[in-house]
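Student: Here are the chains, one letter per residue:
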Amino acid sequence: MYLIPSLIMFGCGVFGFITRKNMIAILISLELMLNSVDINFVVFNRFLYPDQLNGMFFALFAIAIAAAETAVAIAIIINVYRVAKKVDISEITKLKF
Amino acid sequence: MSFDFSILVLAIPFFMFLFLGLVGVKMGKKITGVVGTIAMGVTLFICYSIAFTYFFGTDQGQISAEGVRQSVLAYDWNWLTFTDKLVVKLGILLDPISAMMLIVISTISFLVHLFSLGYMSDEYGKPEKGFQRYYSFLALFTFSMLGLVVATNIFQMFIFFEMVGVSSYLLIGFYYTSPAAIHASKKAFIVTRLADLFFLVGIMILSYYTDTFDFNALMASPESALSSAHGQTFMGCSVMAWALTFIFIGGAGKSAMYPLHIWLPDAMEGPTPVSALIHAATMVVAGVFLVARLFPLYVLEQGSMNIVLVVGAFTALYAAAIACVQSDIKRALAFSTISQIAYMMTALAVSSAPGVGEEGGLGYMASMFHLFTHAMFKALLFLCAGAIIHAVHSNENSHMHGLHKFMPITSIAFLIGCLAIAGIPPFAGFFSKDEILVACYEKSPLWGVWMAIVAGMTAFYMFRIYYLIFHWKKHEVKEGHHAPHDMQWTMTLPLIILAVISCVAGFIPFGKYVTADGQALHTHTNWPVAISSVCIALVGIGLATKMYFKENDLPSKLKSKFNGLWTAAYNRFYMDELYQFITHKVIFQKVCKPIAWFDRHVIDGTMNLLADMTTSASFAIRKMQSGSIQSYVLYYFLGAIMLAAVTMVIVLI
Amino acid sequence: MDSVGNLIIYAIAAIAIIAFSILAVTTKKILRSATYLLFTLLATAVIYFQMDYEFLGAVQIAVYAGGIVVLFVFAIMLTHKPGKDAEPLSSHKKWLGVGAAFAGAAVCAGALFSYGKFCCAKLLPGSGFDIKEIGSALLDTDKFGYLLPFEAISILLLACIIGGVVIARRR
Amino acid sequence: MEIFSNILIYFVIVPLLTLAGLALCRNKGIGAIRTVAVMGASALMILAITLVVMFLKERGAGNNAEMILTASWTWYAPLNVKLALGVDGVSVVMILLSAFIVFAGVFASWKMDPLPKQFFLWFFLLSTGVFGFFISIDLFTMFMFYEVALIPMYLLIGVWGSGNKNYSAMKLTLMLMGGSAFLMLGILGIYFHSSADGNLTMNVLEIAQNNAIPENWQLFLFPMTFVGFGVLGAMFPFHTWSPDGHASAPTAVSMLHAGVLMKLGGYGCFRVAIYLMPFAASQLSWIFLTLTGISIVYGAFSACVQTDLKYINAYSSVSHCGMVLFAILMFNQTAMTGAVLQMLSHGLMTALFFALIGMIYGRTHTRDIRDMGGLMQIMPFLGVGYVIAGLASLGLPGLSGFVAEMTIFVGSYENADVFRRVLTILGTSSIVITAVYILRVVGKLLFGAVQNEHHKQLTDANWFERLSTTTLMVSVAIIGCFPNFFVDIIRDSFVPVVNALSDFFPVVIR
Amino acid sequence: MDYSQFLIMPQEIGLLVVFLLVFLYDTFMPDRCQKALPTFTTALFGLYTVFSFFPVHSGMAFAGMFESSDATWAMKAILNVGMLLVLLQSIKWANSEFVAVRRGEFYELLLLTLFGMFLMVSARNMLLFYIGLETASLPLAALAAFEKNHYESHEAAAKYMFTAIFSSAILLLGMSFVYGLAGSFDYNVLASALGDKHSALLIAAVAFVVAGVGFKLSLVPFHLWTADVYQGAPTAVTSYLSVISKGSAAFAFLVILVQVFGTVYADVWKWMLYAIIILTITIGNLFAVRQRNLKRFLAFSSISQAGYIMLGIIAANTLGMTSMMYYILVYIFSNLGAFAVIAAIERQTDKVTIDDYNGLFKTNPWLAFTMMIAMFSLAGIPPFAGFFSKFFVFAGALKTADTAVYILVLIALINTIISLYYYLLVVKAMFIRQDECSIPTLKSHWSEKTGMILCAMGIILIGLVSCIYTFLNGVAENSSSLFNLI
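Chains Y, G, Z, D and C, in that order, give the protein sequences. When you line the first sequence up against the numbering used here, it's residues 631 to 727, in that order. When you line the second sequence up against the numbering used here, it's residues 90 to 742, in that order. When you line the third sequence up against the numbering used here, it's residues 364 to 534, in that order. When you line the fourth sequence up against the numbering used here, it's residues 4 to 513, in that order. When you line the fifth sequence up against the numbering used here, it's residues 189 to 674, in that order.
Calculated from the structure, these hints are not laboratory results. Just so we're clear, the structure is a prediction, and the values are computed from it rather than from any experiment. Don't take every hint at face value.
[Said to hold, decoys possible] Capping the alpha-carbon separation at 20 Å, the derived lysine to aspartate or glutamate pairs in DMTMM-like fashion look like this:
| # | chain 1 | residue 1 | chain 2 | residue 2 |
| --- | --- | --- | --- | --- |
| 1 | Z | Lys-495 | Y | Asp-718 |
| 2 | Z | Lys-391 | Y | Asp-718 |
| 3 | C | Lys-631 | C | Asp-544 |
| 4 | G | Lys-218 | D | Asp-463 |
| 5 | Y | Lys-651 | Y | Glu-721 |
| 6 | Y | Lys-716 | C | Glu-340 |
| 7 | G | Lys-682 | D | Asp-371 |
| 8 | Z | Lys-506 | Z | Asp-493 |
| 9 | Z | Lys-392 | Y | Asp-681 |
| 10 | Y | Lys-715 | C | Glu-340 |
| 11 | G | Lys-712 | Y | Asp-681 |
| 12 | Z | Lys-391 | Z | Asp-493 |
| 13 | G | Lys-115 | G | Glu-217 |
| 14 | Z | Lys-506 | C | Asp-190 |
| 15 | Z | Lys-456 | Y | Glu-721 |
| 16 | G | Lys-682 | D | Asp-311 |
| 17 | C | Lys-550 | C | Asp-623 |
| 18 | Z | Lys-456 | Y | Asp-718 |
| 19 | Y | Lys-726 | C | Glu-340 |
| 20 | D | Lys-168 | G | Glu-217 |
| 21 | D | Lys-459 | D | Asp-371 |
| 22 | G | Lys-115 | D | Asp-371 |
| 23 | Z | Lys-444 | Y | Asp-681 |
| 24 | Z | Lys-457 | Y | Asp-718 |
[Claimed, not checked] So the derived list for chain G, only partly shown, Cβ under 7 Å to chain Y, looks like this:
| # | residue |
| --- | --- |
| 25 | Arg-711 |
| 26 | Gln-714 |
| 27 | Ser-715 |
| 28 | Gln-719 |
Glycine is no exception: its CB is placed at the ideal position from the N, C-alpha and C atoms.
Kindly generate the complete structure, drawing on both the sequences and the hints.
Tutor: Quick look at the structure:
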């Protein structure tokens, strides 16, 4: 039961990634996905293996990594913005086929 | 006297072939011809001494206590091992027929060599282009033919069959710039090749069951050879009958039996001496020789023998009929040859086994006898024709007429030849033909009458040719041309020699030397047959004299009266057209071309299609790489989901 | 622990997560989207707290809500002129997205709920981890020690810093 | 080192040294390049003749081992891959053949232009592959050398070829490599079933000794290997690379390809497919017999209507090589011996053909027989050479073709079952069709009137062309005249395979 | 609290030392010395590579989180060799006009990503693996964006980054499922805890882990970023991405699959890989057929090569593992050989399409030669190393004695024909096309030359010298306990 929000959150993330055009919005969707997975870890840890802490630690590290990822991603987005003057994902499709 | 030197018979011509072919080009033309002729003379001498030693030598024990003439195995080398038992050997086997053939071949070959010295030169005695090549090929042919007759086993015979075919091809195509010659040589080769195919199959069947190629082993007990197939049959006939029939077809190809005869008339495109040598005297009798070689087997397998008989008899009549109307003298002679060879074939076919009845083996003897005499007088006729053609530069008898005054020697020689072939005593043809007719009557009166009619036709058409060449009307010398005249001695000498032989050969006691079982066969003249055959011949000659001696309109009247028959015969009953249709229209157009098309479009097309499919698949999936991250991720995610879902479905359900 | 109160708090948090997640990915205004994200993250932190993982909840708030969302806001400010809406979504894409999301959720849900262990699991009383324990575990090398990941992630962060510098430099 | 005491290894070392020597030559130094190439080719020839002598001596001394001069050094221990060398009669004559053709090929490409150095480099790389293949008895090295021999073809045709060379080169390479893809699977399959007790081996002799490949696996692996090699052996319907490839290839490459490379196919079919998997061979032979039977007749018929000289010979090769595979599938000593003779014969004669065609093409700049005629008057040497090649091809006794075909036919007929006999007789018919197309070409090309006035100025062969073709002509004649010399070398090599087959197939050994 | 445990990882520490020295050099050396930075780094790394060849102690550290064994040691050594080649090839590029200001960061990032890969290779814990994976992939986005003056570079970086984060989310999802099933992250514990029960959750977990790692390996259908990124990124980065990153991921993938999911090999992931391999090889090939841009072309070729590498994994035996490592080694040399040529030409002429290479042999024979043997090696033509590696990979796969795998190998083999086709297209352009070459005769920098010579020698020698394979086999045999669960 505790996993339902996480699942929905993940689904929202996927949905957002696929549908949104704004790169920042896409990054937000990705954050949702990462966050939902963290919930998974924690819930599994708490409910199934309450005598350990490794799920929690994993979530901890995952949060840190997610933060790093976001930082790099935002840097790239800004970079793209500088070149393309837009943050629209449909703009960066020059490399294809 | 030993037969060790017999190898020279093969070695000299072969060496001459290489020598003249490789070195001769650098030598003078005349010298080449002379060297070739002298070498042939040496071969001739050796052949004669072999034959003499074989027939008359007594110290070798060739004649056993029972009076049977043994065959001598002078050489036998392993040449090619098929299996432990089936080994192809090359060697020299001397027995009556091979010794006889040695004489025939070497004689004619020598004379042709001699004759060609003149024939192959222009009017001023300057040798033609390719003179060396010509002599080289002649030597090759002589080698092959000699190798054929001395073959110790059936495979060696096949080998030399092929060799003979090739040298014949080369000689027919000697004038290689002429399309007709190319065509004729090709035709000759392919038709005989087709026959050889059957020969080969026959050999394979025969050797499979008998486990040997060797003539001596086969002949030692023909009954056991035939029974080695253990009564196996194929399509109702015993396999041995099949084998022998196939082998006969091989022989029929070389011997121009109907329906494989079509190459021979065309082969007349070659130089005339070549026709004399190959297409009159030697190569064309290879088939007869083959059947004679295997005679002990054939005689036990009457089914095959009957086929030989029917084919032979039919061909004799058929060819004779065509010969009656040909205007090209060489073609006429060619059909005459076909007819005569069919005569020999028939003689073999009607022969009973030696020792059966009073005349057992008579047909065999007669056939060989006729082979011998025919070779002589037919070579004579061809060489005469050669002399004539050389003089008037044409093959058509319409360009000749009335040459008797210009070329007396040739005329007389030709007349002797005609008399010999017509079977007028005392010329050679009479004796041999008479024996054949006797043998045919022995078999059945039907065949006797049949062959007698053919004999009459022979007399008719030969004299028709003779009259049309030498009489009919006065010869018109075209402007700018020399009047025809008799040739220099190298050309007339062979004519004279052959004419003499044609006169006297009939008196050779052939039955004493050449018989089916090696025992002397005592013949006696069958007077009714002899007289009747002479009468029929005389009727034929008379008819010809009536029609063709002086210029008159009887022939054209008859021609218009029997126009259909005449035209059909003139066109050789359309056999060539039939072949043409089958080869070009059916095989070439309906088999080869579709196969080639199929190959390029279907087989190759499939391969190209595979390549094209790859490329188009490559283009079809191009859209996958659309450049948009979102679609990439969609693929990614769906891929992962599918991976999970499908595996779940497969594993858990 | 397993009290009605807890349940209610959980329900509120769960509903908040679900609602704000959906809003975050559907709203047209990008700044609102970031705001909804913030709420989602906070609601998640609530759940962590409820499960006695106070430290994790604090990190969640500090790093995620405090750090990342601020970063987002900055990025949005840098790249967007205020008041501009995002373009409407093409319905084609939307259905694709919905389909994919549902398919994914369905497969995961199917997988999770077919594994019976979770359905009957009860929230057991927490054994009460304190910060000190967590701290020592982070620097421990033994079992349940996280020294190596700790060091490794520091290198990762260093790498990201260098990377960020590289990317952000104008030249 | 011990490895250098075996003569066989020199068949790889010499070409490699030649490669090195060529690499040291300057690009423009045509004299040096030729010298090195001729030295390499001559050395190979001498080696090959020495090998034959050694072989005869060994056999004469009563060494009846299946393979002689065997030696092996471990190469890849984990897979038990060894550099295993050894020859039996078949490989000896194949090596001899290859040496002759390489020799003739060097002279045939005397005036190669452009990039002579690169040409000879690839040429000798190809030779390395060929010799390596024949001396190996380890599946891995065999396969490796096999591919080494294939790939230079691409560049040799692509760079130095003519006509539609890009397409042909690609097609040839891809099809042959397609075959080798199947082959690789087959070889690996054989390897993994090579032993019942887990001592897997790649050595052909050991695999045959173990005889451990399960029957159902044989049924799977046999087609793989047979088709794999069969593609190179131009088996119907995988032969279409041959016409295009040959048509585009430069002279020496056509020679080497038809002369030697295609033999790799036949040799491999025998050595790997049939020898190692007798059960499947006997079970499935009917399929491949039918295909090869079709090849024989089909190739011959196709050749009848072609107008490009090289196409004619390519199709003729399809027919002749079909006969090789056909004979191998007849499973008796005689037919298999015939197959090897046919490989020899076809190798030399086709090489001769292609050499002559190349020389004619080099003069007339056309290969269409409709545009040529009467060449015999203009270039008698080449004309005579062509006639000799043609006669060898249509089976004139005294030249090699006859010997080979007769051995095949007689051997094939030794089989008692009707199916094989019917096919044999069908196959025999090819001798007539062959005659048809050969005579057609000879008639149109050499005889008749000169079709093109420009051709009258053309010259006959130069000394190196004469040397190249004469070598081949003499070899053709030697095989044709003294076949038993070769038969004696070859024949006993088939005893093991026939024995292995006789467990499954009513082989008539007589 | 036993810090001496760090001593079990000398290769990682050595790498960090190199990194530190480069960092210090970059930060504190005066500007005039900065030009020597690439050479300095390369030399230093060369020394380190030699050092990394010294055997290490086998053993586990950090409570089983980190494993050092002969296999990991060998794998890292292989990666080091590849890294050295990449560094060599990039010296000239790193000093070029637009890159020079950031060259220090370039090397630092490369070294740090390599460190991440080492962690992946040695990790025996999901957490460590994940951190390693991220360390190996996040900085690469920065590297991809390195050529600021090229728009493509930015696009490549963005595509890489988004896909990377998405894939890491998927991977995490898979890991969370694993955790839910077994309650641990240690491979050893997981293996026993998972058991051989196939629950839907386990299958989903495997699928997501495969998808997550498949991103790094660019397996189809997780490969779509590959071509765009390879094309857009600087060539030095592309070559790094295509070999080093892929090689390390493959090894880590093998370890995870056989050690963690070993119990469900036959039923679950074998078939997943089966499908993925077929797709990867085929689709990679089909895309490569039509490419005109060489970098993009090599991207697709590397996708299909990844499929062949997977054959070593699906084998799940020591032979397969050996072959896979060997394949990676050979692949490093072959691909880097090709990239060296491309980079050298691109640097001087900015030409990267196949048509530009027409007639290259005439103007630049050695470049053409190197490219040709690289292509032949990639296509698997003897006597070049690619042939051996392909053969051994197939051998490894077939050792499973499974009929299905035979069919798989057959499909792979048929695909080699397609691949041969497109590799030959390059050869054709260079050797056969007779057009006027648009590339003038070039003079390569010594570093590029050295790189190419090393690659060419590697391509020729690695196959012929059997001791390398034999040695790797010995290494894999020592790790045969990995396959206990299969």
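Student: What are the numbers of the hints the structure violates, in ascending order?
Tutor: 1, 9, 11, 12, 20, 22, 23
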